[in-house]
Amino acid sequence: MLDIIIYGAVISAVYALLAVGFTLIFGVARILNLAHGAFYALGAYCVYTLTANLHVPLVIAAVIAVLLVALFGIAMERVLVRPLRRLPPLAVLMMTLAVGLMVEQILLLIFGSEARNVPSLVESSFNFGGVLLSGQRLLAFFCSVAILGGLWLFMQHTRLGAAILAVSQDPEGARYMGIPSDRIFSIVMGLSAAIAAAAGVLVAPFQSVIPGMGLLPLVKAFAIVIVGGLGSIPGSIVGALLLGYTETIVAFKASIEWSQIVSVAAVLIVLIIRPAGFFGKRAAF
Amino acid sequence: MGLLELSRLTVHYGKALALENLDLEVREGELVAVLGSNGAGKTTLLKAISRALPSRGAMRFDGVDIGDVPMHQVVARGICHCPEGRRLFPELTVLKNLQLGAYLRDDRAEIAADLERVYALFGVLRERARQQASTLSGGEQQMVAIGRALMGRPRLLLLDEPSVGIAHRLKMQIFDSIRAIQQSGTAVLLVEQDARSALGIADRVYVMEHGHIVRAGTSAEIAADDSVRQAYLGV
Ligand SMILES: Nc1ncnc2c1ncn2[C@@H]1O[C@H](COP(=O)(O)OP(=O)(O)OP(=O)(O)O)[C@@H](O)[C@H]1O
Ligand SMILES: [Mg+2]
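Protein chains in written order, with numbering that gives the first Met the number 0: chain P, 0 to 284; chain D, 0 to 234.
A hint or two may mislead.
Derived Cβ-Cβ restraints for the label pairs, each shown as a range [claimed, not checked]:
| id | chain 1 | residue 1 | chain 2 | residue 2 | range |
| --- | --- | --- | --- | --- | --- |
| 1 | P | THR157 | D | GLY216 | 47 to 53 Å |
| 2 | P | VAL58 | D | GLY184 | 51 to 57 Å |
| 3 | P | GLY149 | D | GLU126 | 28 to 34 Å |
| 4 | P | TRP151 | D | GLU115 | 47 to 53 Å |
| 5 | D | SER133 | P | LEU53 | 50 to 56 Å |
Calculated from the structure, these hints are not laboratory results.
Ideal placement from N, C-alpha and C gives every residue a C-beta, glycine not left out.
Based on the sequences and whatever the hints tell you, model everything.
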């Protein structure tokens, strides 16, 4: 029982990290970003290259990786997505899909298909009432919670955060205030990419780092956001908890394989019962 | 020299012509009203001025051509637009809405002073500051919208039908406050359906029909014009 609570918390926190960025860029710019999983994979590969090939210390490598992926997200929005904004939304969707596939292929060309190892920052394990948890998982949990908390503070207490919320609620209204919505879209894409990359960096030591590693997280983020309501940040956190714990329970009581079906099943059930998601009204924080 | 000078302003929606060769001027500190029936092009005019819509023709503000500056720079130069339908941020508090009006400003002390001025103008907003904007009544929301535009510290305030759908008593309060805004030195370009109230507070009036200005004059001249009296005052 305790093992489910502890492992579920770690998974849920990482899922929340993935889903929050995915829902943010949808809520603000109405972009359903199929390259979101690519940000996560890029984060993991950046930290791998920086540590294994360039021998950068792990902590510094992690920070650089997150920043690089943020820049990648901003560049993608500026160069590839923005010119398509006047076209039907399907064009943007196809572009994000293309970017996602392209990133995977490039990673495959450079690194090949075998799994890469990223060292853990914390090597020791911790014992919680008989449940053994690796230090890296513990770190992933605390960093995820800290990032989510930081994001909340940023949105609530900064001018830029308020502008992002304003654009998500009424982009045209925001433009009358002199808020340049194009620039906000870029910033949010960068923010969303940074958060996804942070998730990739945090889990890289205990996940296999392979070129296709972004697909499952994309599906998970999608599922969570469907459950929580597209564009709702609190909804995506609740969705992450629901999915993270359901998966953990299934993994412990049945098998790991079965747990991977949970997210797909959750999407189907929610779409049938409540298509808008449980927080469908877009209550951003 | 006028604060805002438009000459031969032309706006299209796709192929459809919405404004054609329109000349208009607002002088420093003046309150100018634009009257016209539904679809005359009043909203289009205000949107062209704040650069929410592309336009052709000359557009000068304070002597400088603003015909091709981006929308946020128009706000920075001192044209603040309180748009049709208010466009508040419904899930943000009244205070956040007001603060966002000052998004482009960095003078914190002056922003705080302007917030006090808005509260002085619309007392209820101080009580409602922590409430979500969507929980306010229509009239109160309109006050937030006007206050938010004032937070940009405009030299020219564009108001698009501020009295629409608002109970009579609040409506009078809103017209009084528009008057007070003008008396504090801000020029106002007011689009209004309620011609009688608009004529009551405006210095000058333009009348629009089908994307053209068909009459212009002082409020007294326009109020005395028979065709205007028939069309807009029903007398
Ligand atoms: N986005 C748009 N696309 C195409 N045509 C438009 C658009 N917006 C307005 N129009 C047309 O332009 C003309 C002027 O519209 P506008 O909204 O400026 O009128 P208005 O004077 O503000 O009317 P109202 O009093 O109803 O607000 C109308 O014929 C309208 O149908
Ligand atoms: Mg209108």
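Now the hints, each set against the structure:
{"no.": "1", "hint": "P:THR157 - D:GLY216: 47 to 53 Å", "in the structure": "holds, 49 Å"}
{"no.": "2", "hint": "P:VAL58 - D:GLY184: 51 to 57 Å", "in the structure": "holds, 56 Å"}
{"no.": "3", "hint": "P:GLY149 - D:GLU126: 28 to 34 Å", "in the structure": "holds, 33 Å"}
{"no.": "4", "hint": "P:TRP151 - D:GLU115: 47 to 53 Å", "in the structure": "violated, 29 Å"}
{"no.": "5", "hint": "D:SER133 - P:LEU53: 50 to 56 Å", "in the structure": "holds, 52 Å"}
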